Amino acid sequence: MDFRHTTRRAVLAGGVALAASTVARPLHAQSPQVLTRPIPSTGEQIPAMGLGTWITFNVGNDPVLRDECAAVMAAFFEHGGRMIDSSPMYGSSQPVIGHGLQKLGAPPVFSAEKVWTSSGEDGPEQMEQSRRYWGVPRFDLMQVHNLLAWQDHLKTLRAMKEAGQVRYVGITTSEGRRHDLFEEIMRSETLDFVQLTYNIVDREVEQRLLPLARDRGMAVIVNRPFQQGYLTRQLEGEKLPDWAGEIGANTWAQFILKFILSHPAVTVAIPATTRVDHVRENVAAAIGPLPDEAMRQRMAAYVEEL
Amino acid sequence: MSEWWSYRLSDFLLFSPRTYWRLFELHNEALWPLPLVTLALGLAALALALLRARHHGKLIAFVLAILWAFVGWSFLWQRYATINWAAVYIAPVFALEALLLALLAGARDGLTVDQPGFRRMAAMALIALGLGYPLLAPLFGRPWQGAEVFGTAPDPTAIATLGFALLAGGGRAMLLCLVPLLWCAASGVTLWAMDDAQAWVLFASAALSIAALTAVIWTAFHRPIRTAGLRQKGPV
Numbered sequence: 001m002d003f004r005h006t007t008r009r010a011v012l013a014g015g016v017a018l019a020a021s022t023v024a025r026p027l028h029a030q031s032p033q034v035l036t037r038p039i040p041s042t043g044e045q046i047p048a049m050g051l052g053t054w055i056t057f058n059v060g061n062d063p064v065l066r067d068e069c070a071a072v073m074a075a076f077f078e079h080g081g082r083m084i085d086s087s088p089m090y091g092s093s094q095p096v097i098g099h100g101l102q103k104l105g106a107p108p109v110f111s112a113e114k115v116w117t118s119s120g121e122d123g124p125e126q127m128e129q130s131r132r133y134w135g136v137p138r139f140d141l142m143q144v145h146n147l148l149a150w151q152d153h154l155k156t157l158r159a160m161k162e163a164g165q166v167r168y169v170g171i172t173t174s175e176g177r178r179h180d181l182f183e184e185i186m187r188s189e190t191l192d193f194v195q196l197t198y199n200i201v202d203r204e205v206e207q208r209l210l211p212l213a214r215d216r217g218m219a220v221i222v223n224r225p226f227q228q229g230y231l232t233r234q235l236e237g238e239k240l241p242d243w244a245g246e247i248g249a250n251t252w253a254q255f256i257l258k259f260i261l262s263h264p265a266v267t268v269a270i271p272a273t274t275r276v277d278h279v280r281e282n283v284a285a286a287i288g289p290l291p292d293e294a295m296r297q298r299m300a301a302y303v304e305e306l
Numbered sequence: 307m308s309e310w311w312s313y314r315l316s317d318f319l320l321f322s323p324r325t326y327w328r329l330f331e332l333h334n335e336a337l338w339p340l341p342l343v344t345l346a347l348g349l350a351a352l353a354l355a356l357l358r359a360r361h362h363g364k365l366i367a368f369v370l371a372i373l374w375a376f377v378g379w380s381f382l383w384q385r386y387a388t389i390n391w392a393a394v395y396i397a398p399v400f401a402l403e404a405l406l407l408a409l410l411a412g413a414r415d416g417l418t419v420d421q422p423g424f425r426r427m428a429a430m431a432l433i434a435l436g437l438g439y440p441l442l443a444p445l446f447g448r449p450w451q452g453a454e455v456f457g458t459a460p461d462p463t464a465i466a467t468l469g470f471a472l473l474a475g476g477g478r479a480m481l482l483c484l485v486p487l488l489w490c491a492a493s494g495v496t497l498w499a500m501d502d503a504q505a506w507v508l509f510a511s512a513a514l515s516i517a518a519l520t521a522v523i524w525t526a527f528h529r530p531i532r533t534a535g536l537r538q539k540g541p542v
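First to last, the protein sequences are chains P and W. Per our numbering, residue 1 is the first one in the first sequence, and the count goes up by one each step. Per our numbering, residue 307 is the first one in the second sequence, and the count goes up by one each step.
So that you can see chain P by itself, here it is in the shape it has in the complex:
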């Protein structure tokens, strides 16, 4: 299956679709196949490894660093990635993404953006500015960043979705903040996506939010998979267990990402990086076997003991 041609095709929905992860052929013919997951509200398949841009893509007008970001994007697309996530809060990340997309000849990106302003009235103008920075005809996904003015923005986003100006709507949080309100909104609103922090150490969302997302048919984007690099730095000197090879994890980053992706409610993880070798390593985590529940417990226990 070529994910470039499945963007609007409805396939299985709900729990059946979630359980039935499929594979997609990446752009590069020789590359292995990357795991895809369905977006529950439509069944559209999307590669399970995305690309975050927090800090890493905020490089201003630096021509060297802009081209490095474009190289990261090129490697990401080449190895089968598709979702790139950003926000107006991320400094120059949006125009840097636009630079990369233009340089790469408009690759088939799944554009995930956010609206981040305390005024509902300012939302449309900010989103239009974001769209111009990216240079895309419309965003695939627009999320309310950190629940800021969420009632006003969700109203706007629903209207935009009905008018075909955005394909999916969602909300975000990070680092475990405002989970009570997040849950309340998930229960009361119709959302295509939710974005939250989840990793092998920060597992609170396993209790309520991830099961709720499954029940409510919402796709889940996982941010801060490495705790902004803190987790991988902490594990750097530790030995990867021999049994990590059973799930095809060759590095700690892949170990962590495979743990995240193996949760049945998770749709896409969005690690951020400035390095081409790291983006390859990250995408490779979405290739090959994922841990089962018993292995997940073993992985979490192993990291906890370190």
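Hints were generated in silico from the structure; no laboratory data involved. Be a bit skeptical, because a hint or two may be false.
[Said to hold, decoys possible] So the derived list for chain W, only partly shown, Cβ under 8 Å to chain P, looks like this: (1) Phe318; (2) Leu320; (3) Ser322; (4) Ile389.
[As the list claims (entries may be wrong)] Some chain W residues close to chain P (C-beta under 8 Å, calculated; not the full set): (5) Phe321; (6) Thr325; (7) Arg328; (8) Leu332; (9) Thr388; (10) Trp391; (11) Thr525.
All figures in this text were calculated on a predicted structure; none of them were measured in a lab. Built from N, CA and C at the ideal position, the CB exists for glycine as well.
Since the structure of chain P is provided, determine the placement of chain W on it from the hints.
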């Protein structure tokens, strides 16, 4: 934004250390050889202060006013704001400092050297640090091309200004030190969030300035503040 207590300092850092330090490489490259000129202006200001040349107070204030306006516009507004949206709000504060200095340049004494003893030593140390700031780049393992230079980069400009203001002393110093002190705190916190030891240079500069300012205030009153019931008896 709610739950402020759950935020760490690093959560407010929008860019990587590499991106931040490369700003200065690009800045120097774009302005070259202007950093040499602004550094020379700083050395000239120091020479004027040491020699207590005629009208040195006005000339020093005028030079600093120009440089604060320039740093605010060229670095904060045009360069730093590309990776830190908060810089847009800080640039006008630099313009305010420039305005204060310009007003002082038009006043009778300007920044006339007027401080003896510890305060003078502290002031000279701050000026020397501000003018010698480019040396920190190789000391902290960064290339010369990314050196922060007095008159084009904010940190050395703020630190040297603290020194010149303290040399003058009095109410002028109090007023002129406020913005540089705030900048030292903000920039120091930024470097701290980046886990960069150079943050201590800014914190130490601010601490030394506050100590010297305290000495200025102390000697401005006949009796110690804590026992005099804050009753002013006029300057010494």
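Consistency of the hints with the structure:
no. : hint   : verdict
1   : Phe318 : violated (11 Å)
2   : Leu320 : holds (5 Å)
3   : Ser322 : holds (6 Å)
4   : Ile389 : holds (4 Å)
5   : Phe321 : holds (5 Å)
6   : Thr325 : holds (5 Å)
7   : Arg328 : holds (6 Å)
8   : Leu332 : holds (6 Å)
9   : Thr388 : holds (3 Å)
10  : Trp391 : holds (6 Å)
11  : Thr525 : violated (46 Å)
This entry does not satisfy hints 1 and 11, going by the numbered hints stated previously.
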